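Peer 1: Chains as they are written, first to last, in our numbering: chain A, 2 to 230; chain B, 2 to 230.
A hint or two may mislead.
To be verified - Where chain A lies over chain B, by a calculated footprint (3+ residues, C-beta under 8 Å):
hint, region
1, 12-25
2, 59-72
3, 96-110
4, 127-138
Note that these hints are calculated values from the structure, not bench results.
Computed from a prediction, not measured in an experiment: that's the story for all the values here.
Cβ coordinates follow ideal geometry from the N, Cα and C atoms, glycine included.
Number of protein chains: 2
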Amino acid sequence: MPKPKAIAIVSGGLDSVTLAYKLAAEGYRLHLLSFDYGQRHRREIEGAEAAAAALGADFDRIDLSGIKRLLHGSALTDDRIAVPHGHYAAPTMAATVVPNRNAMMLAIAYAVAVAEGALVVATGVHAGDHFVYPDCRPGFVEAFDAMQVQAVEGFGHPNLRLVAPFVHSTKAEIVAEGHRLGVPFAATWSCYEGGDRHCGRCGTCVERIEAFALAGVADPTPYEEIAHV
Amino acid sequence: MPKPKAIAIVSGGLDSVTLAYKLAAEGYRLHLLSFDYGQRHRREIEGAEAAAAALGADFDRIDLSGIKRLLHGSALTDDRIAVPHGHYAAPTMAATVVPNRNAMMLAIAYAVAVAEGALVVATGVHAGDHFVYPDCRPGFVEAFDAMQVQAVEGFGHPNLRLVAPFVHSTKAEIVAEGHRLGVPFAATWSCYEGGDRHCGRCGTCVERIEAFALAGVADPTPYEEIAHV
């Protein structure tokens, strides 16, 4: 019997790369999708490509950069807005919200899942995202799955479901799980600034540093500097 | 007080162009979105541009053509699969399903709606679509709205809602409404073949011909030939 197939949205950050390793360990054939929506840190996608190569997964980079100019107001896609520094859960991080990003990526992932007869669509959203990103919360994940259930049976794939195994996990728990799974963390990318090295000061760098420390796992990331927040 | 804004998905077909005219008549400022997902009848988008120009609406053509190669299996995006001829509600029309097309387009429309502070997202799905397209059914529309309610309050737009005013209407009823609203039907495009003129034989041409006849409205469309089905 062939292995079941999973379509996973993988940005190249440590959460989604750990998701890919977890699905591979659970026996899924994988097709990883990365999205270029004009984010300034699109170099993160190299982390997804590296994970696909390491896991023998199919990989596609999906170009949504044409909608960047319509998504004004986010520091991730609008060059006129600075990436906020400080703690990931701070109100200033609202500037990094990209409107409806997860719904857009998930809807495209479901299209691919229907075309390929996959059994699951997977997303690496986690509990640390809930403060800032409404489209990472459990209620959103459940409602998205329910919406797709309405459509996918009609598309001939009644068993296709959304999985979000980290939706109740902290980032430190993901680091611990990734460590057990042998995730090469140095090949993952978090920093929103998208420079040559992780800046160490933006919200997602601070969150990354904190997660390794809390998990008690050595952080292999070279940072420009380490913020004390 | 400024007029409320609506983001409408307009393919350039007669349903969605009538939708745009209806929203304009109801007093909305309009931003029309058309999607190029590699459909062979992408010339339909000219109908959307003409409607935007006539209504003084903002217009954007969103390029999703990069995902065409991932959406194999549909006659609309796969050049190796012929467009079926015959009645729109026939089982053969399953070949024209594009997996998850409406969820993809709606998710992007919601992103634009959040970025622009719109009050509604609008889609022209109608009752005649229900046989073939699961993502045009009332249950899908309700579930999509419920999914976005989970996200849009967190994005700061708690009142943003999905409207689908034709979800229980036949195409003949839409023709009748468009006629009342002064829709220039000759500038709308239905044919899936995407040739120089409407073919008159594919499912959506047959449906178009039938709708004008049932509505008792003169059909201004030049067809290659009229199928008798």
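Peer 1: Are the hints correct? Go through all of them and say.
Peer 2: Evaluated hints:
1. With a cut-off of 8 Å between beta carbons, the region 12-25 of chain B has 0 residues touching chain A; three or more are needed, and the interface restraint is violated.
2. By the rule of at least three residues with a Cβ nearer than 8 Å to a Cβ of chain A, the coverage given for the region 59-72 of chain B holds, with 8 such residues.
3. With 11 residues bearing a CB less than 8 Å from a CB of chain A, the region 96-110 of chain B meets the requirement of three and the coverage assertion stands.
4. Residue count for the region 127-138 of chain B with a Cβ under 8 Å from a Cβ of chain A: 4. That meets the three needed, and the coverage hint holds.
Hint 1 from the earlier list is the only one contradicted by this structure; the remaining hints agree with it.
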